[in-house]
Amino acid sequence: MTAAIAPVPPNAASRPGAATLARTVAEHQWRDVLRSRWVIAYALVLFAAAELLLRLGGSGPSALVSLLNIVLLLVPLVALVLGSASLYGAREFTELLLAQPIPRRALFVGLWLGLVVPLAGATVLAIALPFAIERAIDADTAPALALFLVVAALLVAAFTSLAFLVAVTVHDRARGLGAAILLWLGLGLVYDGVVLAVATALRDWPMEKPMLAFMLANPIDLARTLLLLRLDVAALMGYTGAVFRMAFGTPAGMGIALVAMLAWVAGPWWFAARAFDRRDF
Amino acid sequence: MIRIADVHKRFGALAVLRGVDLALAPGRVTAVVGPNASGKSTLIKCILGLAAPDRGAITLPDGRDVREPTARAAIGYMPQAPRFPENLTGHEVLAMLDALRPDVAPDGTLLERFSLAAQLDKPVRTLSGGTRQKLSAVVAFRYRPQLLVLDEPTAGLDPLATTIFKAAVLAARDAGTSVLLTSHVVGELQAMADDVAFLLDGTIHFAGPVARLLDRTGARSLEEALAALMQAPTDRIPDAALHGDAPQALRVMNGGGA
Chain D
692 MTAAIAPVPP NAASRPGAAT LARTVAEHQW RDVLRSRWVI AYALVLFAAA ELLLRLGGSG
752 PSALVSLLNI VLLLVPLVAL VLGSASLYGA REFTELLLAQ PIPRRALFVG LWLGLVVPLA
812 GATVLAIALP FAIERAIDAD TAPALALFLV VAALLVAAFT SLAFLVAVTV HDRARGLGAA
872 ILLWLGLGLV YDGVVLAVAT ALRDWPMEKP MLAFMLANPI DLARTLLLLR LDVAALMGYT
932 GAVFRMAFGT PAGMGIALVA MLAWVAGPWW FAARAFDRRD F
Chain W
-9 MIRIADVHKR FGALAVLRGV DLALAPGRVT AVVGPNASGK STLIKCILGL AAPDRGAITL
51 PDGRDVREPT ARAAIGYMPQ APRFPENLTG HEVLAMLDAL RPDVAPDGTL LERFSLAAQL
111 DKPVRTLSGG TRQKLSAVVA FRYRPQLLVL DEPTAGLDPL ATTIFKAAVL AARDAGTSVL
171 LTSHVVGELQ AMADDVAFLL DGTIHFAGPV ARLLDRTGAR SLEEALAALM QAPTDRIPDA
231 ALHGDAPQAL RVMNGGGA
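Protein sequence lines correspond, in order, to chains D and W. Reading the first sequence from the start, the letters are residues 692 to 972 in the working numbering. Reading the second sequence from the start, the letters are residues -9 to 248 in the working numbering.
Chain W extracted, bound-state conformation:
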């Protein structure tokens, strides 16, 4: 279990995370959903050790804080907008990352499935957006992480690559990896998410299995349930959010945001 316990994060006057509690179970895909500026990106940055929580902690199953450099050997990260050194080839990028983890034999499965090897002889600057995204996925899965953090992973992937990618996520999950996923594609969440964590104004308002969310909201699909969550929030949601207009509530799945 990866535990996120009472995590607070403030940027200047803005309290972005206000006591996030969440457990990421092994062998489960947890979709973190929430409107723009709900704190998703900041939560991800805290999990990756890129930002330090003001209060609270994020710990691995063995109890290590993710801010310890060695703890990050357990994490695979696929960012929303991957960029690599422009003048290096894809193979050189992989060689560099491999060298940072000489204690792990890299897993080349996804590289093979994407048939990416031939393209990685070229400098990164000549690669298309989709190919960079595939390279980014390969990096995230390559070191057999205990936790996969996938931030809008399929933006820019073609349908075939998306299919391969989803299969890889589910295979990693079945092998016991904890997966944290954000996506604005509801179908993707539907296909992969076991659990949903609904983040709003820096706190988790719902966390649990998809079935329980459907039950609680009386919705027939995840899409409806998410819309219901965002439009007619539970009693824990502060007044300000209740007065949000409907169009905005419908836009909330458009990803991004702080």
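For reference, chain D alone in the conformation it holds in the complex:
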């Protein structure tokens, strides 16, 4: 072996900033994510669903209403499972990255963006492309579709934050994935039934305020109400949504729901980031 080059003391002055480091991690992560079979399959399923609904259902808004139910179940499931599985699966590489000169928070931001950007991008494209292909974007559809895409992206972000929160706080991989799936079952499927049962059991009491709290406490409920307010299909809104509209009316209600969605992205994100900063690996 030729004479090795002597070790170089690190030069702190020329170190890149945290934002640059986070972007480096994110860019490589999303390259990895976009090549994942699961993400490609997810995008194809969503694309096929939108395409099919447009061909069968005809008009843009009615296709969106049908697509809503698919998106409300599929997007949280995919973000929760991929989000937690990717953190658990990359544990060894994350440890290697933590041993590199990068602040923990920058790494966390990079990992989160590295998943949210490609997943949200795939979601938006898979929904929007069929509308473009089928020339279904008219004056009626365009604003509704735009809101739909925003809400879908927010769902991706919120549930990726929740997935990260689970994966960072639950050490055991099997338990963590179990918790993520339970969270999806709870918020996506069981929640409405429980709310209805509570409302029925307590029907002699004033339930408007608790119902509003119930709705704000579930990002899937929020997303549904937000879109149905815009699409003006009160019949599909469910109990919490109907109460919500009575309480706030359409424009204010949409504003409140949008802010609450953002809180669902930022809240779990903040707790997950804090836990990531403090955690022993």
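The hints are all genuine.
Incomplete in silico selection of chain D near chain W, CB under 8 Å:
#	residue
1	R706
2	T715
3	R722
4	R726
5	S727
6	F784
7	E786
8	L789
9	A790
Think of the hints as simulated: they come from the structure by calculation, not from any bench. For every residue, glycine included, the Cβ atom is placed at its ideal position computed from N, Cα and C.
Take the given structure of chain D and dock chain W to it, following the hints.
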């Protein structure tokens, strides 16, 4: 000198490290040996900044704590079980790590010696265990670290790669790098270690040059000396360890453990 001073680490009720004191001298390979669950992995995690000591500190020659992100620019780490993003190619992995250290010109020597370049065009998921291990070694040496942390580095390497790897470790040492090595292959420790640090129940029971260890234990080889350390511990070793049965003492070199 990289100083590990009075490092304590507890996981719940379990005190894993109970006041570890150790100095890693530049230009020396220090083998950290000890039975399973003696605290080796936890000590390594503390050195890498992956786990925060409850008490004590680990500092670089310039006095910086290893928990400062910039301090880790001085450390090269080769983990026991390397994993990389499955869908990235080896070159993409290296490009990512390079981008985290734009202030260092990467050293491609080991990459060349392993003749690895052609294989790094393929996605990591198609690479064999040995090739991943080589990639992991390349990463550890690539940024000319002041401290190399090698955790069971040759598991999975073929004989030729092992030879190349050992030469790289010794060359880095001769160039002034501090090397921390764990291995369950005694021959490997024999070939590379200058110093031995014997860790048991979360404290260092012996730290010093291999020759002094041989002298102290009256053993003829490092293998015998290590067996002696683990079977008939010095007076500093608590009673509980003295009653450990011999077969277990012989198994202690099997690596792993917390």
